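The task is simple: from the sequences and hints, build the whole structure.
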Amino acid sequence: MNVVVFGASGYVGGRLIPVLLAAGHAVRAITRSPTSLRDYPWRDDVEVMQADLLDPATILPALDGMDAAYYLVHSMGTGDFQDLDRRAAANMAAAAEQAGIERMIYLGALGRGDLSPHLASRQEVGEILATGPVPVTEFRAAVIIGSGSLSFEMTRYLTEVLPVMMTPSWVRTRCQPIAIRDVLSYLEGALVHSETKGRIIEIGGPEVLTYEEMMQGYAGAAGLRRRLIIRVPVLSLGLSARWVGLVTPLPSSVAEHLVESLRHEVVVTDTSADELIPVQRIGYREAVSQAIEQTRGADVPTRWTRSSWQPADPLPSDPSHAFGTIFSDRREVEVEADPADVAWAFMRVGGANGYYAARWAWHIRGIIDQLFGGAGLRRGRRHPEEIRVGEPLDFWRVVRVEPGTSLELKAEMLLPGEAWLGWTVERTGTGSRLVQTAWFVPRGLFGRIYWYAMLPFHALVFPQMARGIAAAAEERARIRANASSST
Numbered sequence: 452m453n454v455v456v457f458g459a460s461g462y463v464g465g466r467l468i469p470v471l472l473a474a475g476h477a478v479r480a481i482t483r484s485p486t487s488l489r490d491y492p493w494r495d496d497v498e499v500m501q502a503d504l505l506d507p508a509t510i511l512p513a514l515d516g517m518d519a520a521y522y523l524v525h526s527m528g529t530g531d532f533q534d535l536d537r538r539a540a541a542n543m544a545a546a547a548e549q550a551g552i553e554r555m556i557y558l559g560a561l562g563r564g565d566l567s568p569h570l571a572s573r574q575e576v577g578e579i580l581a582t583g584p585v586p587v588t589e590f591r592a593a594v595i596i597g598s599g600s601l602s603f604e605m606t607r608y609l610t611e612v613l614p615v616m617m618t619p620s621w622v623r624t625r626c627q628p629i630a631i632r633d634v635l636s637y638l639e640g641a642l643v644h645s646e647t648k649g650r651i652i653e654i655g656g657p658e659v660l661t662y663e664e665m666m667q668g669y670a671g672a673a674g675l676r677r678r679l680i681i682r683v684p685v686l687s688l689g690l691s692a693r694w695v696g697l698v699t700p701l702p703s704s705v706a707e708h709l710v711e712s713l714r715h716e717v718v719v720t721d722t723s724a725d726e727l728i729p730v731q732r733i734g735y736r737e738a739v740s741q742a743i744e745q746t747r748g749a750d751v752p753t754r755w756t757r758s759s760w761q762p763a764d765p766l767p768s769d770p771s772h773a774f775g776t777i778f779s780d781r782r783e784v785e786v787e788a789d790p791a792d793v794a795w796a797f798m799r800v801g802g803a804n805g806y807y808a809a810r811w812a813w814h815i816r817g818i819i820d821q822l823f824g825g826a827g828l829r830r831g832r833r834h835p836e837e838i839r840v841g842e843p844l845d846f847w848r849v850v851r852v853e854p855g856t857s858l859e860l861k862a863e864m865l866l867p868g869e870a871w872l873g874w875t876v877e878r879t880g881t882g883s884r885l886v887q888t889a890w891f892v893p894r895g896l897f898g899r900i901y902w903y904a905m906l907p908f909h910a911l912v913f914p915q916m917a918r919g920i921a922a923a924a925e926e927r928a929r930i931r932a933n934a935s936s937s938t
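452 is the number of the first residue of the sequence shown in our numbering; add one for each residue after it.
FYI, nobody ran anything at the bench for these hints, they're computed from the structure. Heads up, a few of these hints could be off.
What follows is a set of in silico ranges between Cβ atoms, one per label pair, in the way DEER data are often shown [what the hints assert, rightly or not]: (1) Arg781 to Phe897: 20 to 30 Å; (2) Pro907 to Ala508: 56 to 66 Å; (3) Gln915 to Pro568: 30 to 40 Å; (4) Glu726 to Asp496: 49 to 59 Å; (5) Pro568 to Asp515: 28 to 38 Å; (6) Ala812 to Arg929: 49 to 59 Å; (7) Leu472 to Glu926: 45 to 55 Å; (8) Arg839 to Gly734: 33 to 43 Å; (9) Ser645 to Gln533: 50 to 60 Å; (10) Pro568 to Glu646: 41 to 51 Å; (11) Glu737 to Ala803: 18 to 28 Å; (12) Leu472 to Arg931: 51 to 61 Å; (13) Asn804 to Thr856: 15 to 25 Å; (14) Glu716 to Asp531: 45 to 55 Å.
If you're wondering where the values come from, they're calculated on a predicted model, not measured in any experiment. Glycine included, C-beta positions come from ideal geometry on N, C-alpha and C.
Next comes the structure, spelled out in structure tokens:
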């Protein structure tokens, strides 16, 4: 089918498009800013168009020639989001009728009764879309489990950062979380199951859990100790939202709406989805494990193989807070030497060559690591100058080598988090520029304490290391220059 996706740069839209492409559909991706899709891996496989749902004149061209439209847009956290969502949905319904498309598919929210503004707005959008003659398939879901989803990130941060939590009554609210991969299966499946037209379909995972059980489940999947959760009978919405905003990376405006929604039970009561679109759903624990694996993998290790990627950059398909906290220490040094000399210097790091600065500090860190069962500096390096991806180097592992350009190491010392250290060099008009960066992804509260406790040592060691590498490169350049002039 010819399918148009509104909200292509959003969390669900960005993940749905490759699923649609894999199923053989022709996809048109709609966004207010086409440049926001520039780095998506599927960018060249779709037609990109610019449109604004608040500007009716731009919607009709986006629907031209399309069979079906996905509506994956939400304005939560931006001013009067309820009014914005009403206007956008009304514009979409009118344009869909005029364009004569066959159907619309919308992802909304579960919930019944006197709902929070967030949940009520999600359902109101579905009602507005359905006011026109174009049949709408409205999926209603609760918490979506996947790296980068707002609800999952809130659960993740609360659980990782706080081993002891004083929580309001909403931790006992029941919820039916669903994995993002299953949500995508339902969304794509609606295209080939015509009986879903004009229906509201409730979707959820195979388990009903309280938010407390979800946090404990996350702790287990993440390898953390069971959390001590102390329920507080009275804790205001504002105080809860500020608490969430302090501990998690979610904007306070978004945190407030999410917290307010947590007091509502969001559980599937209509199980017709099982018959309409058979999906082999996975359980909460497996969904969390997959999300953790994706988050940690995308944060640094697997993405370091891409030369254009840096640990601070988010994946194109995820929101900016998807990876959570990444601490870094970056040093730049101008070097009067060729890039080849600079690369030679940092390729020699570790082993008998040392770390160019505060050798005593590195030895102490190695001893501490050994005392707690780590490798310490015992492994050294295979060769004093040659280095290969995958081999150990003291308490590091080589994860990337670009000869003459860059070196990146992943820490295998015992840490309350994950750490990397890397160098790159580029040519300048007068020589070279060395960039040295250390990254640290903390695990829980103690990871953050560790990083801040180490800052004085970082301030001592890292600048000296960068300058030491620069000095070694300049010395090698002088030796080569003298040797050349003497001949």
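For each hint, the structure was consulted:
no.	hint	verdict
1	Arg781 to Phe897: 20 to 30 Å	holds, 24 Å
2	Pro907 to Ala508: 56 to 66 Å	holds, 59 Å
3	Gln915 to Pro568: 30 to 40 Å	violated, 54 Å
4	Glu726 to Asp496: 49 to 59 Å	violated, 33 Å
5	Pro568 to Asp515: 28 to 38 Å	holds, 34 Å
6	Ala812 to Arg929: 49 to 59 Å	violated, 28 Å
7	Leu472 to Glu926: 45 to 55 Å	holds, 54 Å
8	Arg839 to Gly734: 33 to 43 Å	holds, 40 Å
9	Ser645 to Gln533: 50 to 60 Å	violated, 32 Å
10	Pro568 to Glu646: 41 to 51 Å	violated, 33 Å
11	Glu737 to Ala803: 18 to 28 Å	violated, 46 Å
12	Leu472 to Arg931: 51 to 61 Å	holds, 52 Å
13	Asn804 to Thr856: 15 to 25 Å	holds, 20 Å
14	Glu716 to Asp531: 45 to 55 Å	violated, 27 Å
Checked against the numbered hints given earlier, the structure breaks hints 3, 4, 6, 9, 10, 11, 14 and satisfies all the rest.
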